[in-house]
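Undergrad: Sequence:
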Amino acid sequence: MRPPAVTERHKLFIEAYIATRNATESAKAAGYSPKSAHAQGNRLLKDAEIQKAVAIRVEKAIITADEVLNGIKQIALTAERDADRLKAYELLGKHLAMWTTNINVIDNDIIRQQAQVIRTLAAKAGKTPADLFRETLETAQRSGVAIKPEIQSGVLKALLDGADSKAVN
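Per this note's numbering, residue 46 is the first one in the sequence shown, and the count goes up by one each step.
Hints were generated in silico from the structure; no laboratory data involved.
A couple of the hints might just be wrong.
[As the list claims (entries may be wrong)] Cross-link-like lysine-lysine pairs, in silico, DSBU-like; alpha carbons within 30 Å at most:
| hint | residue 1 | residue 2 |
| --- | --- | --- |
| 1 | 132 | 172 |
| 2 | 118 | 132 |
| 3 | 202 | 132 |
| 4 | 56 | 97 |
| 5 | 202 | 169 |
| 6 | 91 | 118 |
| 7 | 139 | 169 |
| 8 | 132 | 169 |
| 9 | 56 | 105 |
| 10 | 139 | 193 |
| 11 | 91 | 105 |
| 12 | 80 | 97 |
| 13 | 56 | 91 |
| 14 | 118 | 202 |
| 15 | 202 | 139 |
| 16 | 91 | 139 |
[What the hints assert, rightly or not] Just the calculated beta-carbon pair ranges, DEER-fashion:
| hint | residue 1 | residue 2 | range |
| --- | --- | --- | --- |
| 17 | 153 | 122 | 27 to 37 Å |
| 18 | 91 | 122 | 37 to 47 Å |
| 19 | 202 | 64 | 31 to 41 Å |
| 20 | 153 | 126 | 45 to 55 Å |
| 21 | 183 | 101 | 36 to 46 Å |
| 22 | 83 | 111 | 28 to 38 Å |
For each residue, glycine too, the CB sits at the ideal point set by N, CA and C.
Whenever a hint applies, use it, and build me the whole structure from the sequences.
TA: The structure is reproduced here in structure tokens:
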């Protein structure tokens, strides 16, 4: 009797591969030895059944990501608690890469837009922009996200420059 096309170990590999996009790490997560993980990962990626299963899971994940994004957007717009709305806006900001560390060129327009978003969110949360920005930086640090100092100082400067302006509600 022929073994099933996709075994439990294969399913573990598929789930890990979708999350990491790293065949070697995914093979390790599926229980292959560290010594053979690289070869096993490459072998598994060439398997037609595994490729098909990965494609199906990725397609489902894309749909799920859209649903999650729409749900977060809905919470940001309709949640009764300020904390819930603020968290939803924070997640949307992360999705839009507003706090990304991969910015190589400092764009003053983007920094001004980020400062305006912070002012608006702070006004809605009943906080000062500086307090909200500090909390954002602390949250990023706790999450292991490094925000470049030049981005931090640029946003802070833009916040200070616009301190007299009112946030748009």
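Undergrad: Each of the hints needs a verdict: does it hold here or not?
TA: Cross-check of the supplied hints:
At roughly 14 Å between alpha-carbon atoms, residue 132 and residue 172 fall within 30 Å of each other, so this suggested pair holds. Distance check on the hinted pair: residue 118 and residue 132 sit about 11 Å apart at the alpha-carbon level, within 30 Å; holds. Our distance criterion of 30 Å between C-alpha atoms is met by residue 202 and residue 132, whose separation comes to about 24 Å. For a cut-off of 30 Å, the pair hint linking residue 56 to residue 97 stands: about 12 Å separates their Cα positions.
For the hint pairing residue 202 with residue 169, the CA-to-CA distance comes to about 21 Å; that is within 30 Å, so the pair holds. This hinted pair does not check out: residue 91 and residue 118 have alpha carbons roughly 38 Å apart, beyond 30 Å. Simply put, residue 139 and residue 169 have alpha-carbon atoms about 19 Å apart, close enough for the 30 Å limit, and the pair holds. Our distance criterion of 30 Å between C-alpha atoms is met by residue 132 and residue 169, whose separation comes to about 12 Å.
For the proposed pair residue 56 and residue 105, the alpha carbon gap of about 15 Å is at most 30 Å, so the pair holds. Of the pairs offered as hints, the one joining residue 139 and residue 193 holds, with about 15 Å between alpha carbons and a cut-off of 30 Å not exceeded. Between residue 91 and residue 105 the CA atoms are separated by roughly 21 Å; this keeps the pair inside 30 Å, and the hint holds. Taken as a hint, the residue 80 and residue 97 pair is honoured in the structure, with Cα atoms around 26 Å apart against an allowance of 30 Å.
Taking the CA atoms of residue 56 and residue 91, the gap is near 15 Å; set against the 30 Å cutoff, the hint holds. With a CA separation close to 28 Å, the supplied pair residue 118 and residue 202 stays within the 30 Å bound. For the hint linking residue 202 to residue 139, the alpha-carbon distance of about 21 Å falls within 30 Å, and the restraint holds. Pair hint residue 91 plus residue 139 does not hold up; C-alpha atoms about 34 Å apart against a cutoff of 30 Å.
One distance hint, 27 to 37 Å for the beta-carbon pair residue 153 and residue 122, holds here, with the actual separation near 29 Å. Checked against the given bound of 37 to 47 Å, the beta carbons of residue 91 and residue 122, roughly 46 Å apart, stay inside it. Taking the beta carbon of each, residue 202 and residue 64 are about 38 Å apart, inside 31 to 41 Å as hinted. Separated by about 34 Å at the C-beta atoms, residue 153 and residue 126 break the suggested range of 45 to 55 Å.
The beta-carbon spacing between residue 183 and residue 101, approximately 40 Å, falls within the hinted interval of 36 to 46 Å. At roughly 34 Å, the beta carbons of residue 83 and residue 111 sit within the given window of 28 to 38 Å.
Hint violations for this structure: numbers 6, 16, 20, all remaining hints satisfied.
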